[in-house]
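J.: For reference, the chains in residue letters:
4 protein chains.
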Amino acid sequence: MTVLTVGGDDGVVIRGAKLMICGTAAADEIFFLPGSGYREEDRDFAVAGVVPKDVEGLTIVETRRPSDGRELEDGFDGPTQTGITQAYLLFDDVFVPRERVFMAGEYKYTGPIITRFTATYRACIGACVAGQGDVMVGAAALIARANGLSAKTFRDKLTQMELNNETTFAMGVGAIALGEKHPSGTWLADSLTAHGNKIHVATLPYETKRLAQEIGGGIVETGCLPSYLDFTSPEYGHLIQKYVTAGAGSAETRARVARLIEWLTIGAGVPGCMHGGGSPDGARMVVYGSTPLERYAALAKDLAGVTEDLEEPTRKK
Amino acid sequence: MTVLTVGGDDGVVIRGAKLMICGTAAADEIFFLPGSGYREEDRDFAVAGVVPKDVEGLTIVETRRPSDGRELEDGFDGPTQTGITQAYLLFDDVFVPRERVFMAGEYKYTGPIITRFTATYRACIGACVAGQGDVMVGAAALIARANGLSAKTFRDKLTQMELNNETTFAMGVGAIALGEKHPSGTWLADSLTAHGNKIHVATLPYETKRLAQEIGGGIVETGCLPSYLDFTSPEYGHLIQKYVTAGAGSAETRARVARLIEWLTIGAGVPGCMHGGGSPDGARMVVYGSTPLERYAALAKDLAGVTEDLEEPTRKK
Amino acid sequence: MTVLTVGGDDGVVIRGAKLMICGTAAADEIFFLPGSGYREEDRDFAVAGVVPKDVEGLTIVETRRPSDGRELEDGFDGPTQTGITQAYLLFDDVFVPRERVFMAGEYKYTGPIITRFTATYRACIGACVAGQGDVMVGAAALIARANGLSAKTFRDKLTQMELNNETTFAMGVGAIALGEKHPSGTWLADSLTAHGNKIHVATLPYETKRLAQEIGGGIVETGCLPSYLDFTSPEYGHLIQKYVTAGAGSAETRARVARLIEWLTIGAGVPGCMHGGGSPDGARMVVYGSTPLERYAALAKDLAGVTEDLEEPTRKK
Amino acid sequence: MTVLTVGGDDGVVIRGAKLMICGTAAADEIFFLPGSGYREEDRDFAVAGVVPKDVEGLTIVETRRPSDGRELEDGFDGPTQTGITQAYLLFDDVFVPRERVFMAGEYKYTGPIITRFTATYRACIGACVAGQGDVMVGAAALIARANGLSAKTFRDKLTQMELNNETTFAMGVGAIALGEKHPSGTWLADSLTAHGNKIHVATLPYETKRLAQEIGGGIVETGCLPSYLDFTSPEYGHLIQKYVTAGAGSAETRARVARLIEWLTIGAGVPGCMHGGGSPDGARMVVYGSTPLERYAALAKDLAGVTEDLEEPTRKK
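These protein sequence lines are chains A, B, C and D, in that order.
Following the numbering used here, the numbering of the first sequence begins with 11 at its first residue and continues without gaps.
Following the numbering used here, the numbering of the second sequence begins with 11 at its first residue and continues without gaps.
Following the numbering used here, the numbering of the third sequence begins with 11 at its first residue and continues without gaps.
Following the numbering used here, the numbering of the fourth sequence begins with 11 at its first residue and continues without gaps.
Identical copies go unnamed one by one, so any copy, or any two together, can satisfy a pair.
Dumping the calculated BS3-like pairs for lysine-lysine here, alpha-carbon to alpha-carbon at most 30 Å:
1. K63 - K118
2. K118 - K162
3. K118 - K252
4. K191 - K118
5. K252 - K162
6. K252 - K63
Hints listed in this document are in silico derivations from the structure and should not be mistaken for laboratory results.
Nothing here was measured: the structure is a model prediction, and the numbers come from that model.
All chains should be modelled from the sequences, with the hints used to inform the complete structure.
T.: Take a look at the structure:
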């Protein structure tokens, strides 16, 4: 969604925005590329390049995340070892020198850019959410023990969680293995497989999170654990701790694991898997568009012993 | 988990806790009942009664909910028209006068209490989560329009959401219709059906939430909308509003609907449907235990023309 | 799909067909009613009435079912205690006397007929497939034992099967409980709930069948048991029986139960639940059409604090 | 399940059976290998080798399949271009010469044989069922047109079918890509991924079949099409053909496609995907056993800031 304005020989000036960009706070350079395939009349939007994060004219607005306020609090209500960053990037007439501009008006290459970018991204995102899912498996095993049960009690659920994780991971690997080498030397993932994987990425982690909550019990679900402040209250904190203590480990350990699962499944730590890297409905369009329907129909005709052609009906009404 | 201690003729003194209790802040009276079926050695735990919320010795600790801090903020990041309350109730030697004690030691009635309570509760909870799901359907239609799309675009997804809502609602109605009148005059829901419904209550709303997020796009999902403070910043708020504006309605309207869906699906407003009123695995036990397996096996034997009895194998190893 | 031709004062003559009609062989009278809601130009199709099965001009063609040839064989490859009947009914100028004609041209009542018929049918079909599912639960328990395992090994799968059965049963009960009395005295089921149930009826039994096959092992699945003729071969039948013997019961008993599950899940005994009584996509249309979308949107607007109206976008392109 | 008996220096004599073996009729040589990991006391069962199909002492009994009788009939009720073969192989003292014996008593290698065989088999079976699923996609498109509808009407369902097919295919590719080269030069698929794929192979094709039936309408489902004999009856065949004609193509074409879908989804052509190559529960055991639970738990502990170890509870009762 970046707009190209003027420029001159030494570079271009861009105006526009990149919205919902993960990891900005951890990046040194900001890459921008076309948001869709463009036609001639959209020529001014066909721009790609890279700027340093502190370039003049760029405003970075960090977004809100569930329970983000907790990150500024003491105690265990918020995560201590990790965090998330998502941002809106507002480009208000930012100058990009020529050597950092990769595209400026060549609209006919915008389609292939999107295709190649999404195929590769959606192959790789399977491993990303699988990693988050691995932590959910581990956290689920811990909370079972902290609740007083063996992790084995939940063997079927843990197996399903692991299967979900391995599916997005291995289908991503499959997309890459089925890809091909571009003449430039870059490896491009198989588009149909990668977009198929995106559909799983947008659905399977939801089941994994649900199972983590189911294993965890009420303590990990919405609104069922007092704050760190109450937990450590000199007046009644000892009572909370007494009643939170259940299986293996201290009350604090159980609370910490419960908070981790809350963060992973209904807090800032949920995999932004639904629309991250594009929506599942967009991926479904690619899957449907890549399905060789007539070839499959020919196979079926042959097996059925059908010789006449079956045309699509002409539009009624 | 309430402990009966001493008492005397005029009442009993109780010690213990009720954890994860929804709606406490809105209640005038606190009802306590046994948490499970008890045996003779647990006699002291077989206690039921009711106390006013401000009774001496009772400490009520409101728990944390996702993004609860936002409820204290200005603007639209938190809900303005609604809210949630969940609490830990700590009873530290609370006196309950005789006329408010319904059970004190009669452990053999604790099993039936649990059975009847859960059957009725789990019939009714279907309507509770259906109502929350109705709001998700409405919010999904709104965000589609605010994003610039017709709600009809998502006809299949909205139909599935409605089906999920109607399933938990109607199966709850079915549980009540299949129930029976207790000699006391109270109507008791059918246990097998009600517990079956609890399994749906613990799973279907997760799909409904996922579909609401899928319809809503990235803006409703985790961490993809700046704060109200940034939204109204005199310096760059106009740019955020410019880029948030999409379909029908103003930027603020789109942001408000997005925040509502965030609240409903990954905030404090999610239906506490997984373990509320007991866990789905507990419900599965009741469903399995209520399945007339041998009667069904006899039907199958008859249809298969099998005449010999098939015994369960004796335990190996 | 019945066509009204001439008639005269004493009755009508009909021409047309009823296709895919279950239970014909067991019926004495054939009821025909409009297949859809008709308009004035379809007036001749708006006909309802009843004829005896042996009326002149009616040809009943029994259809094929999976493995139907086995029903004519000796031994246990086909079912012995039960069967299925489905037929095409071809009406080639059948005369129906006036007193057996319930509608002849009153096209404007065809819509309500369909609506009321489907609502009632789709409430009741839930119990029908639940009964078939009960037999699958029983057969699954038997085959587990015949395979040498306790039925309890498959507790989770049996619970899910039972849940599926109880869901279609209880949601049908719910549809009836939510219905209302017609002034004529007939009870009409609630349409939205009944059609929602039809969607479950068209999907849940597929999972129940899959689980029955999963519990049963290879012996119940496609093509994994020799014929009764081979089973009793004087030459090598003893070897087949030796290797088929596994857990509780004789080889023949195990084979009989395996054949029953084959019949129930991939033979003539499968619940004709997908399109029986109309297709699930038709039911989805009713569910979507019955969803009070704007009412739900108003609830969401209120909670979100949105005051402006969000219109559906006008058609693009 | 092969038993080793005596032998002498020039070979071994085997007795036993291979049950439920696909493709036997098309094979020239019969390979036998251990059915499980064996211990010393099972030494006589640790045998592998190969015999020609017409070896003395081997009886091959072809099993029954749904609607197998139709294969012997004229017309289109049975498949004409394809078929299935499954057999019981009864080895009654079959002599195998030394050079065709690969294992005779080396029980300690039986475990690795099974592990390597199943990993490779379950990686590849994903492509097998995907191919069958491709035909279902094609047949579904054809029947839509023969029913009078555009295949695009069912875009969402066809996309889901394609996704299911691509998932088992690509996860199989992923299992191979994640595998490793054995010192012997053979490539071995990754066991965890391959077994995960087996779970999908045992479940996803059921949804694909259900969707094919849903797209096809009643005509493809159980028992809703008269026989070829009735279809061509000189007396009333023309009526059947009249009423079977719907959209694109002749009545016979519609009937042929309907029969193909019946064959693919409820006839002999269903993918024997549930227990073929072993059961999904066996695969689940491998997935669970391969899950590095303690490594994931350590990741979760680190993120939660938990320092104490959480032990599995010691067995209660």
